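K.L.:
Each chain, letter by letter, is given below.
There are 2 protein chains.
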Amino acid sequence: MPELRKDPVVGRWVIISTGRSRRPTNFAPATKGKSDGFCPFCPGNEDKTPPAVYTVKPPAGAGAAPAWNVRVVPNKFPALQIEGGLERRGEGLYDRMNGVGAHEVVIESPDHGMDLADLPVEHIHEVMLAYRERMIDLHKDKRLRYVLIFKNHGERAGATLEHTHSQLIATPIIPRFLQEELEGARRYYELKERCVFCDIVHQETADNDGRRVVAKNDRFVALEPFAPRFPFETWILPRRHDASYQDTADTGEYLDLAALLKDTLQRLNRALDRPPFNFVLHTAPVSDGDLEYYHWHLEIMPNLTRMAGFEMGSGFHINPTPPEDAAQYLREIAAEAANG
Amino acid sequence: MPELRKDPVVGRWVIISTGRSRRPTNFAPATKGKSDGFCPFCPGNEDKTPPAVYTVKPPAGAGAAPAWNVRVVPNKFPALQIEGGLERRGEGLYDRMNGVGAHEVVIESPDHGMDLADLPVEHIHEVMLAYRERMIDLHKDKRLRYVLIFKNHGERAGATLEHTHSQLIATPIIPRFLQEELEGARRYYELKERCVFCDIVHQETADNDGRRVVAKNDRFVALEPFAPRFPFETWILPRRHDASYQDTADTGEYLDLAALLKDTLQRLNRALDRPPFNFVLHTAPVSDGDLEYYHWHLEIMPNLTRMAGFEMGSGFHINPTPPEDAAQYLREIAAEAANG
Chain A
1 MPELRKDPVV GRWVIISTGR SRRPTNFAPA TKGKSDGFCP FCPGNEDKTP PAVYTVKPPA
61 GAGAAPAWNV RVVPNKFPAL QIEGGLERRG EGLYDRMNGV GAHEVVIESP DHGMDLADLP
121 VEHIHEVMLA YRERMIDLHK DKRLRYVLIF KNHGERAGAT LEHTHSQLIA TPIIPRFLQE
181 ELEGARRYYE LKERCVFCDI VHQETADNDG RRVVAKNDRF VALEPFAPRF PFETWILPRR
241 HDASYQDTAD TGEYLDLAAL LKDTLQRLNR ALDRPPFNFV LHTAPVSDGD LEYYHWHLEI
301 MPNLTRMAGF EMGSGFHINP TPPEDAAQYL REIAAEAANG
Chain B
1 MPELRKDPVV GRWVIISTGR SRRPTNFAPA TKGKSDGFCP FCPGNEDKTP PAVYTVKPPA
61 GAGAAPAWNV RVVPNKFPAL QIEGGLERRG EGLYDRMNGV GAHEVVIESP DHGMDLADLP
121 VEHIHEVMLA YRERMIDLHK DKRLRYVLIF KNHGERAGAT LEHTHSQLIA TPIIPRFLQE
181 ELEGARRYYE LKERCVFCDI VHQETADNDG RRVVAKNDRF VALEPFAPRF PFETWILPRR
241 HDASYQDTAD TGEYLDLAAL LKDTLQRLNR ALDRPPFNFV LHTAPVSDGD LEYYHWHLEI
301 MPNLTRMAGF EMGSGFHINP TPPEDAAQYL REIAAEAANG
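If you read the protein sequences in the order shown, they are chains A and B. Letter 115 of the first sequence, counting from 1, is numbered 115 in our numbering, and no numbers are missing. Letter 90 of the second sequence, counting from 1, is numbered 90 in our numbering, and no numbers are missing.
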């Protein structure tokens with residue numbers, strides 16, 4: 001059984017994933033999942049993953065198309081385990097609980113050679129809806145506090161299989177940075193009676209500014225944040241206030257999101273030669289759906305620099321690329337591609 | 001001039017290092033500094049770095065030895081700039097100040113082929129004293145709040161030059177994770193009237209335990225923390241309460257530190273085939289020297305897994321190696337080497 005352990009000084013919870021325990025000799029770089037080998041996410045290998053919890057089928061009459069467009073399955077090597085109670089307990093100074101939670105894989109396409117950015121907008125829309133459906137389902141589990149959706153793209157960004165996929169980890173505690181973001185946003189609201197993310201959207205999209213805006217459409221804006229941790233860090237925010245990803249009144253919103261996500265990832269791909277990247281979906285915790293002070297968004301972090309260990313140790317980020325430069329570059333490269 | 005910028009939601013300060021600004025095409029892996037090339041840290045190339053701010057000379061009569069054992073120089077490409085005022089200012093929602101601070105390099109040995117772990121204990125002792133001297137000197141600068149000493153070892157851990165060195169960044173703000181650690185330790189003290197790190201040392205070195213202890217000597221203990229973020233994460237703590245690294249009454253303490261640091265790094269090298277790693281020295285902020293609730297220590301983080309981006313985005317760590325297993329392995333491997 002995996003375990004959740006809490007650092008007694010800073011209160012940071014960590015998953016100790018005993019089921020995946022690795023001896024020193026097991027840390028050689030993973031080589032599985034290359035295109036010349038076997039891929040458990042490809043059509044025909046459905047029996048090599050646990051049974052799907054959600055499937056999007058292609059439209060009827062699609063002929064020789066594969067049996068699914070998007071497929072969500074439990075992770076075969078989960079960091080957390082869905083069965084059991086939390087059994088919170090102490091040990092002297094220390095606190096721990098059972099590593100209860102969900103760990104799922106969203107297989108974004110049946111096509112092994114496609115990246116998320118290359119899929120048609122309508123297909124990315126199906127992926128966005130899959131995130132929503134899994135959130136709604138997992139929010140029913142009273143043991144869970146947060147459903148975290150993220151994507152590791154490229155080996156350097158932590159992907160161990162190259163077939164395009166995202167992941168979902170649902171936890172009985174709120175991940176640290178999300179908790180800090182929720183607290184920061186609440187403090188701002190207490191001070192100003194306004195959502196800080198709404199204020200960011202207004203300031204960044206004001207007529208006399210736009211230096212950090214990468215692209216926008218009716219419902220979303222993609223921008224380089226004022227204080228980015230990483231070069232070309234890019235956030236996509238809904239322009240209208242909404243605390244929770246899954247609670248949108250109008251599901252057409254996800255189509256606009258899919259369009260801007262594709263546009264943004266393609267700009268990053270062109271600017272940075274298809275970089276490894278991570279994205280993390282920031283949304284309200286389970287059962288805190290309708291917060292006035294919080295505003296869901298997607299944070300995309302290209303993996304270009306190597307300061308990981310030190311920065312993970314201090315929280316101190318040195319970013320060699322001003323966001324205004326990055327935004328200008330990303331705006332221009334798209335124009336070049338459109339003209340070319 | 002580099003700039004410090006604050007995220008308006010979570011309050012995270014970031015260094016935007018405009019002097020090192022990088023365009024998208026500049027993110028190819030660095031290849032400078034390999035042993036077949038020119039090395040600015042080698043003896044004879046002293047004029048290729050800014051003038052030294054601290055030097056340890058070899059004992060008199062050391063014959064053909066090089067002119068120095070340890071040499072501290074300002075970083076030629078500093079992330080922060082030592083001249084100027086902070087000039088704090090706002091821009092709508094946002095806060096920024098000038099990137100004032102120090103960025104120095106501690107060249108740990110004149111020998112290009114030596115790693116820190118391979119140096120004699122007496123030489124590592126000189127490195128530990130160099131840290132102390134630079135801290136004492138920089139603590140006189142009223143603009144600075146924190147002196148952060150760290151080491152990136154190996155390209156994967158962020159080192160761009162292979163000649164063994166550590167770094168020092170002195171900042172006008174306290175790095176985020178250090179601030180959180182200080183606050184956590186203060187809360188614990190308010191509750192218990194005890195230092196949380198002293199409690200950790202006592203619990204871990206109790207006669208009926210020791211499962212997470214790697215090694216110890218009279219004044220220090222090396223242990224795997226209860227809730228480690230990374231496999232084989234190892235902390236070295238003084239067994240006696242001391243808030244500040246540089247304020248030790250007895251300078252003999254640094255010799256014991258050097259001995260246990262060498263022992264610990266060698267165990268990690270043997271267990272993990274000379275892994276890339278980072279270490280970060282955690283100590284009290286400038287002018288907060290004598291805190292009852294804080295306890296300086298060194299956190300060593302081997303760089304073995306690739307979850308960087310996602311974990312940097314969420315603060316959520318999945319560690320596949322329980323610290324009890326790692327500690328046992330590190331204890332045993334040393335015994336094997338001693339017997340062999």
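Keep in mind the hints are simulated off the structure, nothing from the lab. Accuracy of the hints is not assured; some may be wrong.
Claimed, not checked - In silico lysine to any residue, SDA-like type, Cα no more than 25 Å apart, as pairs: (1) Lys-6(B) <-> Arg-211(A); (2) Lys-6(A) <-> Asp-95(B); (3) Lys-192(A) <-> Gln-167(A); (4) Lys-192(B) <-> Tyr-94(A); (5) Lys-216(B) <-> Asp-273(B); (6) Lys-48(B) <-> Ile-318(A); (7) Lys-6(B) <-> Leu-191(A); (8) Lys-216(B) <-> Tyr-94(A); (9) Lys-216(B) <-> Arg-187(B); (10) Lys-142(B) <-> Gly-90(B); (11) Lys-6(B) <-> Asn-208(A); (12) Lys-76(B) <-> Thr-305(A); (13) Lys-6(B) <-> Glu-190(A); (14) Lys-142(B) <-> Lys-216(B); (15) Lys-192(A) <-> Gln-328(B).
Quantities reported herein were computed from a predicted structural model and do not represent experimental measurements.
K.L.:
For Lys-6(B) and Glu-190(A), compute the direct alpha-carbon distance and say whether it is at most 25 Å.
P.N.:
With a Cα-Cα distance of about 19 Å, the restraint between Lys-6(B) and Glu-190(A) holds, given a limit of 25 Å.
K.L.:
Holds or violated: Lys-192(B) with Tyr-94(A), Cα cutoff 25 Å?
P.N.:
With a Cα-Cα distance of about 14 Å, the restraint between Lys-192(B) and Tyr-94(A) holds, given a limit of 25 Å.
K.L.:
Does the alpha-carbon distance linking Lys-6(A) and Asp-95(B) stay inside the 25 Å limit?
P.N.:
violated (33 Å)
K.L.:
Given the hint that Lys-216(B) pairs with Tyr-94(A), does the C-alpha gap stay at or below 25 Å?
P.N.:
holds (22 Å)
K.L.:
Please verify whether Lys-6(B) and Arg-211(A) have alpha carbons no more than 25 Å apart.
P.N.:
holds (17 Å)
K.L.:
Against the 25 Å threshold, does the CA-CA distance of Lys-76(B) and Thr-305(A) hold or violate the hint?
P.N.:
Judged against 25 Å, a Cα distance of about 19 Å means the pair holds.
K.L.:
Lys-142(B) and Lys-216(B): Cα distance at most 25 Å?
P.N.:
violated (37 Å)
K.L.:
Between the alpha carbons of Lys-192(A) and Gln-167(A), is the straight-line distance 25 Å or under?
P.N.:
At roughly 36 Å apart (the allowed maximum being 25 Å), Gln-167(A) and Lys-192(A) break the hint.
K.L.:
Lys-216(B) and Asp-273(B) were given as a pair; does the straight-line alpha-carbon distance stay at or below 25 Å?
P.N.:
Status holds; Cα separation ~22 Å.
K.L.:
Are the Cα positions of Lys-216(B) and Arg-187(B) separated by 25 Å at most?
P.N.:
violated (28 Å)
K.L.:
Do the alpha carbons of Lys-6(B) and Leu-191(A) lie within 25 Å of each other, as the hint requires?
P.N.:
holds (18 Å)
K.L.:
Checking one constraint from the list: CA of Lys-6(B) to CA of Asn-208(A), max 25 Å. Satisfied?
P.N.:
Holds, at about 22 Å.
Against the hints set out earlier in the document, violations occur for numbers 2, 3, 9, 14 and 15.
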